[in-house]
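Novice: Could you put the whole structure together from the sequences, leaning on the hints where they help?
So the chains spell out like this:
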Amino acid sequence: MEVRTSDRFPGVEWVGDPGDFIKVDESRCDGCANCVRVCLAECFEIKGKKARVRTLAECMECAACWYVCDKEAIVFSWPPGGTGFRTDWG
Amino acid sequence: MESCDVLVVGAGFGGPVAARRCAQAGLDTIILERARVPGEKVVSGLVIPFYGFTFGPDFIREGNPPIERPICRVVNRFIRDGEIYATDSTLRVPKPLALGYAAYCRPFCTWLADRAVEAGVELRTSTTAVEPILEKGAVKGVITDRGEEIRCKVLIDAGGTQNRLAIQAGLRRKYLPEALELYMVWDFEMAKEDVDETFGLSMEFFHALPEEGIGAPLGFGSTLYIFTYRESIHPGLGQFLVTRGEIPNLARLLPRYFENFQKKVTRWKRDIAPKVKLRAVTWDVCPIYAGLIPETRNMPVYGDGILIIGDAAGFEASAFGDGVPSAWFSAELAAEVAVEAVRKGDASRDTLREYERKVWEHPYITWIITDWRRWDLRKVLVSRSEAELRRMIRDHWGVGAFRYRYSGRPLLKAAREALRRDPRAPVKWMEMFTRYYHNWEENRCDPLSTS
Chain G
6 MEVRTSDRFP GVEWVGDPGD FIKVDESRCD GCANCVRVCL AECFEIKGKK ARVRTLAECM
66 ECAACWYVCD KEAIVFSWPP GGTGFRTDWG
Chain X
9 MESCDVLVVG AGFGGPVAAR RCAQAGLDTI ILERARVPGE KVVSGLVIPF YGFTFGPDFI
69 REGNPPIERP ICRVVNRFIR DGEIYATDST LRVPKPLALG YAAYCRPFCT WLADRAVEAG
129 VELRTSTTAV EPILEKGAVK GVITDRGEEI RCKVLIDAGG TQNRLAIQAG LRRKYLPEAL
189 ELYMVWDFEM AKEDVDETFG LSMEFFHALP EEGIGAPLGF GSTLYIFTYR ESIHPGLGQF
249 LVTRGEIPNL ARLLPRYFEN FQKKVTRWKR DIAPKVKLRA VTWDVCPIYA GLIPETRNMP
309 VYGDGILIIG DAAGFEASAF GDGVPSAWFS AELAAEVAVE AVRKGDASRD TLREYERKVW
369 EHPYITWIIT DWRRWDLRKV LVSRSEAELR RMIRDHWGVG AFRYRYSGRP LLKAAREALR
429 RDPRAPVKWM EMFTRYYHNW EENRCDPLST S
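Here the protein sequences come in this chain order: G and X. Residue numbering for the first sequence follows the numbering used here, beginning at 6 and increasing consecutively. Residue numbering for the second sequence follows the numbering used here, beginning at 9 and increasing consecutively.
Rather than coming from a laboratory, the hints here were simulated on the basis of the structure. The beta carbon of each residue, even a glycine, is placed where N, CA and C say it ideally should be. Where hints are given, some of them may not hold.
Computed list of lysine-lysine pairs in BS3-like fashion (alpha-carbon distance at most 30 Å, straight line) [what the hints assert, rightly or not]:
#1 Lys285/X <-> Lys271/X
#2 Lys161/X <-> Lys366/X
#3 Lys182/X <-> Lys52/G
#4 Lys272/X <-> Lys76/G
#5 Lys271/X <-> Lys387/X
#6 Lys52/G <-> Lys76/G
#7 Lys200/X <-> Lys285/X
#8 Lys103/X <-> Lys182/X
#9 Lys436/X <-> Lys366/X
#10 Lys28/G <-> Lys52/G
#11 Lys28/G <-> Lys182/X
#12 Lys182/X <-> Lys76/G
#13 Lys352/X <-> Lys161/X
#14 Lys182/X <-> Lys54/G
#15 Lys285/X <-> Lys272/X
#16 Lys55/G <-> Lys182/X
#17 Lys55/G <-> Lys28/G
Simulated restraints on C-beta separations [unchecked claim]:
#18 Asp22/G <-> Arg159/X: 27 to 35 Å
#19 Tyr93/X <-> Lys54/G: 44 to 52 Å
#20 Arg351/X <-> Lys55/G: 51 to 59 Å
Specialist: What follows is the structure, given as structure tokens:
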């Protein structure tokens, strides 16, 4: 499986294709930007007064976005087994 | 479709402990773990308090877990205008006793999972449990990301903070953001002799009022800590997801406040920074006060065919190092109940309710989810009283923590129970402390060689 790294977050690898395991349900999103505020990996952006997933390339699967979404617009699940972030230094 | 007696979801700190106990009782037991290697997705760094090892499972007490460094002293440093103006290092014990042991998550979880496999557990890594199989409200197994159905008599949910399966089963809801801190953690390489010279066998906390801008930035956050490891140090900084009813901009604040800490605090600039090299940056959400919030505490920890342990059950107060022991303790209780349920051929709610009773009788789990003093630490950051801050810290990470009405009572209760079961327990504890210390001193354990 492909392994990616990031200059911003050394010591972490992202393995394989995790797919779109976090989604935004636009019909529920009110554009409050809570997800943007708590995401350290800048996974979200606001476009047209709605949040959308910009990239999950550096997601560490913490789900902070999901917890702070009052409108339940963030759909959070786990990536497929063996994909997504990994580290030896956690 | 396949089936087993007990299916454990999650090979973090609790899952392997529960699975091992079930396999030893002769049950056909499977663990599912979504990572390729147990623990490689667990991000917290850890110092496990001594009581976890003392009262925890025998195989951990009697084994050689991959410990990085014993912690014999807790140093609290208070900062004003970027300078340390007071230090409280009253909490200390002579070696080979230790107040706690520092470890990395990945090798520790791998070590636990290996012990479970040795006991006969089947460990399936790279396998995500996507959803529970529900029949008339009862949990009967899970469906994996490969579309497999794995049925079981009892499911033990050790799936961590996000609590996916228990939510899907309709038993619990996601944690309130008020109960959660986002921790950002930096890992720095540091030569062993430099760690020895700079820290010795200490871990350090740095406390400041919010105006300092180096921690607890908006009033409700934890302090900045430095865990010391064998050849590295592990600073971490946490902040609640909600502060005074608002979601703080953590993407901006957490990196900025650590940068401020590095620039302002002489201890870091002069004594530490010249000797370290950044190796990793990680983060995760931790349920610091989940058990203390009634709404969370009142959510069930069991259901028809399912038992919930560790972080997933809210038995967590990671700011005080209690999360991992709680996972072990609840795992053992859940396994006892699961074994009995399988033997009786009855995994209904009525049978599994016994787990809740055992949880509420457990001195440490009960303390963790009822000790309101922990919650009160937030008040001092609002009051802006330095005297109050120092008093509270002394009662949290100082010698005051061992007063009878704080951790002293559960400690005595657990010790009394251990002595009742085995009068030789104190001798065994001393043997454990000595063995762990020598393992560290003689570098007998190479954590990253565990695979």
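Novice: Does each hint fit the structure? Answer for all of them.
Specialist: Here's how the hints hold up against the structure:
| no. | hint | in the structure |
| --- | --- | --- |
| 1 | Lys285/X <-> Lys271/X | holds, 16 Å |
| 2 | Lys161/X <-> Lys366/X | holds, 20 Å |
| 3 | Lys182/X <-> Lys52/G | holds, 27 Å |
| 4 | Lys272/X <-> Lys76/G | violated, 40 Å |
| 5 | Lys271/X <-> Lys387/X | holds, 28 Å |
| 6 | Lys52/G <-> Lys76/G | holds, 17 Å |
| 7 | Lys200/X <-> Lys285/X | holds, 13 Å |
| 8 | Lys103/X <-> Lys182/X | violated, 42 Å |
| 9 | Lys436/X <-> Lys366/X | holds, 25 Å |
| 10 | Lys28/G <-> Lys52/G | holds, 14 Å |
| 11 | Lys28/G <-> Lys182/X | holds, 17 Å |
| 12 | Lys182/X <-> Lys76/G | holds, 13 Å |
| 13 | Lys352/X <-> Lys161/X | holds, 11 Å |
| 14 | Lys182/X <-> Lys54/G | holds, 26 Å |
| 15 | Lys285/X <-> Lys272/X | holds, 19 Å |
| 16 | Lys55/G <-> Lys182/X | holds, 23 Å |
| 17 | Lys55/G <-> Lys28/G | holds, 12 Å |
| 18 | Asp22/G <-> Arg159/X: 27 to 35 Å | holds, 29 Å |
| 19 | Tyr93/X <-> Lys54/G: 44 to 52 Å | holds, 48 Å |
| 20 | Arg351/X <-> Lys55/G: 51 to 59 Å | holds, 54 Å |
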